[in-house]
Amino acid sequence: MRRLLVTGGAGFIGSDFVHYLMSHTDDSVTVLDKLTYAGNRASLESVPADRFRFVEGDICDAVLVNELFDEHDAVVHFAAESHNDNSLSGPVPFVHTNLVGTFTLLEAARRTGVRYHHISTDEVYGDLEFDDPERFTESTPYNPSSPYSSTKAGSDLLVRAWVRSFGVAATISNCSNNYGPRQHVEKFIPRQITNVIDGVRPRLYGDGLNVRDWIHADDHSSAVLTILDRGRIGDTYLIGADGEKTNRQVVEIILAQMGQSSDAYDLVTDRPGHDKRYAIDWTKLRTELGWEPSFRDFESGIAATIRWYQENEGWWRPQKAATEAKYELSGQ
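Using this note's numbering, you'd call the opening residue of the sequence shown number 1029 and step up by one each time.
Below, simulated PhoX-like cross-link-like pairs (lysine-lysine); rule was C-alpha separation at most 25 Å, straight line: (1) K1348 <-> K1062; (2) K1062 <-> K1215; (3) K1215 <-> K1304; (4) K1304 <-> K1273; (5) K1348 <-> K1215; (6) K1354 <-> K1215; (7) K1354 <-> K1062; (8) K1215 <-> K1273; (9) K1312 <-> K1273.
Computed Cβ-Cβ distance ranges for the label pairs, DEER-style: (10) E1095 <-> R1260: 25 to 31 Å; (11) D1235 <-> R1192: 40 to 46 Å; (12) E1099 <-> D1235: 48 to 54 Å; (13) D1235 <-> M1029: 48 to 54 Å; (14) G1318 <-> T1297: 43 to 49 Å; (15) S1051 <-> H1124: 30 to 36 Å; (16) E1095 <-> R1314: 36 to 42 Å.
To be clear, the hints were calculated from the coordinates, so they are not data collected in a lab.
Cβ coordinates follow ideal geometry from the N, Cα and C atoms, glycine included.
Please take these sequences and the hints and turn them into a complete structure.
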């Protein structure tokens, strides 16, 4: 039984990983989370107390981080500022959390020798043309286009440098867009679902033809556990599930499954630097580590996600008004 420290474990993907660990391993888990607006303690309420501990704190707090590293065998680093719109309106927290926070964790890993896995995003690679036959691979050059993606790219490079310069036992994974339960309503899919629940027409940036490569959060979690168990130290692994869809297609699927006309949405002014297309080639993860996604049918995954938001209004309702007020100020 390992002792795992999960940073950002009260957020969407981090909390999914904690639930996945509880269901598929005997590991004990400590979550370190600052509980910013994106962290929700309620996302962890059903986790078994005998194998779980929650610590409220900042990954930039070197004293606390070092204490926790001394108590654990491995660390999985999910904590990040991660919303592109927020990074455009206020980049400072992204620099602080994504760069300074990662540096603080890496220094603790260097001191203790604790196994470290770093969660990143496909957005560090920039974007692809709509008709480009290629997908992102582990060798694709970095070309970030927002304060969010650039700070995540910088954190990836810190990890690579600490592996090479100091021998830190680290791996990196870059994943495509996640969907599933317990995702904050500022994000694309839950915002559309909760708007339809509230009788509000979804809104799409630009022409709605930007492409994202979707993966269910449970598949992301299973891939991360596979890399933690069997990944080669110093290597990067891309995580995907062949889930390319335009934003328009996603909204039309949501509307149809919620009994609405598939064209019941509005187009709004595109956001600055909006990436065209993301697409992940996860061949390395499949061929070297034998991983495969379980959720291959996007529409059934979306149907289950819609049901979760319909049945858990008490979880997302407190976030909704403030989120929509912020979007209203920007006309989006």
